[in-house]
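J.: Residues per chain are reported as follows:
Number of protein chains: 2
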Amino acid sequence: MPSNLQCLLDNRPQGEATAGNFKFVTTETPPLADGQVLVRHHYLSLDPYMRGRMSETKSYAAPHPVGTVMIGGTAGEVVESRHASFTPGDKVAGMGGWQQWSVVDAGRPGALRKVDTTRVPLSHYLGAVGMPGITAWYGLVKVLEARAGQTIVVSAASGAVGSAVGVLAKAHGCRVVGMAGGPEKCRYVTGELGFDACVDYRPHADALSLARALKEACPDGIDGVFENVGGLVMDAAMLRMNPFSRIAVCGMIASYDGQPVPMAYPQLILANRMRIEAFIVSEHMEVWSQAQRELAELVGSGKFRPRESVAQSLESAPEAFLGLLKGRNFGKQLVKLI
Amino acid sequence: MPSNLQCLLDNRPQGEATAGNFKFVTTETPPLADGQVLVRHHYLSLDPYMRGRMSETKSYAAPHPVGTVMIGGTAGEVVESRHASFTPGDKVAGMGGWQQWSVVDAGRPGALRKVDTTRVPLSHYLGAVGMPGITAWYGLVKVLEARAGQTIVVSAASGAVGSAVGVLAKAHGCRVVGMAGGPEKCRYVTGELGFDACVDYRPHADALSLARALKEACPDGIDGVFENVGGLVMDAAMLRMNPFSRIAVCGMIASYDGQPVPMAYPQLILANRMRIEAFIVSEHMEVWSQAQRELAELVGSGKFRPRESVAQSLESAPEAFLGLLKGRNFGKQLVKLI
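Those sequence lines, one after another, are chains A and B. Adding 6 to a residue's 1-based position in the first sequence gives its number in our numbering. Adding 6 to a residue's 1-based position in the second sequence gives its number in our numbering.
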């Protein structure tokens, strides 16, 4: 059985997460029981939600247990199988965690999905055509119920989820305005992803200043916000919302480390008869195949060329993850494991 | 034509509203044109939304024009009619404003409604069986979609809207917990209105303390909040919300005077996959007759005995209104004009 490098949650962050919260160990993968499959991970996905699991704070999921392998999406290849539906060589995606190999009970619903890499590269099943892309689809289609002609604003627009929101919203006939950190990300968002405009939030010290910049980019106001950030970025968007507008809350990365970040203008919810609704895509798996089909078509046809930040080797995962929390990645953050 | 005492908005509040923002004048009611009706107002309704109209700040309605009669709901009697559907002696409700008489274009949709005072006293058509009651019905039934067995929390529970929310929610099989200011109001909420519990928010200096009190009253957490107040009261409720819970935002009286009051814990929206949705009942008039029927039955049968605070004569309207904004009223605030 192969030797398996694993990254564990060693202790919980006090305030900001640090590399010291993680620990590496090497184990042997156990022999397969009936119904199990041995998967070699090619890619590990790093996602902001992992920060929430590291803390003990109440969130939508239970805290990740200290001393166990960090959870995470993985894409790889079946190496050995004792399950009739899987054969060595199959490309698969699952939740293998921060490790090089995993032994999977392949019969458990959703544990392991075979993926088709003829038109879509394997790594995209962790991004544009995987959980982040389907998150984008659900928030845009089911929560915002975006319609042609509406103005949709997307925060963290160059990220794995944000980029997919933008491309999908354009395909649905919306005007799409991104918010991102720095001119390089903004150029990518308008140039490569095809957003109508992108506002760099970095030069703005307060929500009023950022709202003025948004006003230029959204001359007809904002009908829907796909929110990944919260804090100042969300406050600024709220100052430009139209009556009956909506915010789909997908993430609030601004408050993942440390103290809660208040919402400055909740009275605007009332003034604009808004709806603010949060969701977790894993609670809406019924949309998976429809969403994945639409996303695979956009990627396979070349209309959506998602960017990836790829860190090399599992040892670099903690550093890459901490960078993601600070917005240092560019597009989907992955770790390449082989 | 009768002489008509009127109360005008004289100037806009700087911060807190004061009596100096209003001015009284006496005019003559004009002679009736075809299709018009002369109404003598018996009651004027005072409601928190009026504070919003006094300011220039963007809200869901245009600011009230300075120098004109303050808007407001009224209930009274037709004295003279040049409209085929109305006869002197008819009891009617409308939006006659802060004045003793009004001349109404009775054909304008919604301008004047005949009301049946055989089982329901006239004044209740400005409260439990009028706009506040229908506001309660819409928020509970259409926004919260409250179901039997759920725990519903209502802020400003002894007020015109809050009391109706509670009685309706009990009729729908919910556990209902009020929040109100002071032990006397809380006793009324549990004793006369039949709420399961009521939390006095006054002794609590912060949201965490108030949330602890709510925890005792809501052992199974909170499934829906009918929010009239905002600020600390809303923050405390948010700390006790269940997954997939909702907040119907009907009012945010905490921020009507002066500065916006932030929301302390917006990350809980995400953690609990909440939906927060604001509404204005006048945009949903399609529910009026169904809601009014249900409310009239509760009042007519004696199951709902709404309390009223009645100020005497139009001259006392500004003082009564300012008291309402500070929670000095007890139940529906009215002004008796004759």
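Hints were generated in silico from the structure; no laboratory data involved. On a predicted model such as this, the values are computed, not experimentally measured, just so you know. Ideal Cβ placement from N, Cα and C applies to all residues, glycine included. The reader is advised that the hints may include incorrect statements.
Residues from chain A that face chain B, not an exhaustive set, calculated with beta carbons under 10 Å [claimed, not checked]:
(1) VAL121
(2) GLY187
(3) GLY188
(4) GLU233
(5) PHE250
(6) MET280
Partial selection, computed: residues in chain A whose CB lies under 10 Å from chain B [claimed, not checked]:
(7) THR63
(8) GLY179
(9) GLY237
(10) LEU238
(11) MET240
(12) CYS256
(13) GLY257
(14) MET258
(15) VAL267
(16) ASN278
J.: Each hint should be assessed against the structure and marked as holding or not.
T.: Consistency of the hints with the structure:
1. VAL121: violated (28 Å)
2. GLY187: violated (20 Å)
3. GLY188: Since chain B brings no Cβ nearer than about 25 Å to GLY188(A), farther than 10 Å, the hint is violated.
4. GLU233: holds (9 Å)
5. PHE250: holds (9 Å)
6. MET280: Where the cut-off is 10 Å and the nearest Cβ of chain B is about 6 Å from MET280(A), the hint holds.
7. THR63: Holds - the Cβ of THR63(A) comes within 10 Å of chain B, reaching about 8 Å at its closest.
8. GLY179: Violated - the Cβ of GLY179(A) stays beyond 10 Å from chain B, reaching only about 25 Å at its closest.
9. GLY237: holds (9 Å)
10. LEU238: Not OK, violated: LEU238(A) not within 10 Å of chain B, min 12 Å.
11. MET240: holds (8 Å)
12. CYS256: holds (8 Å)
13. GLY257: holds (7 Å)
14. MET258: holds (5 Å)
15. VAL267: holds (7 Å)
16. ASN278: holds (7 Å)
Violation of the numbered hints given earlier is confined to hints 1, 2, 3, 8 and 10; the remaining hints are satisfied by the structure.
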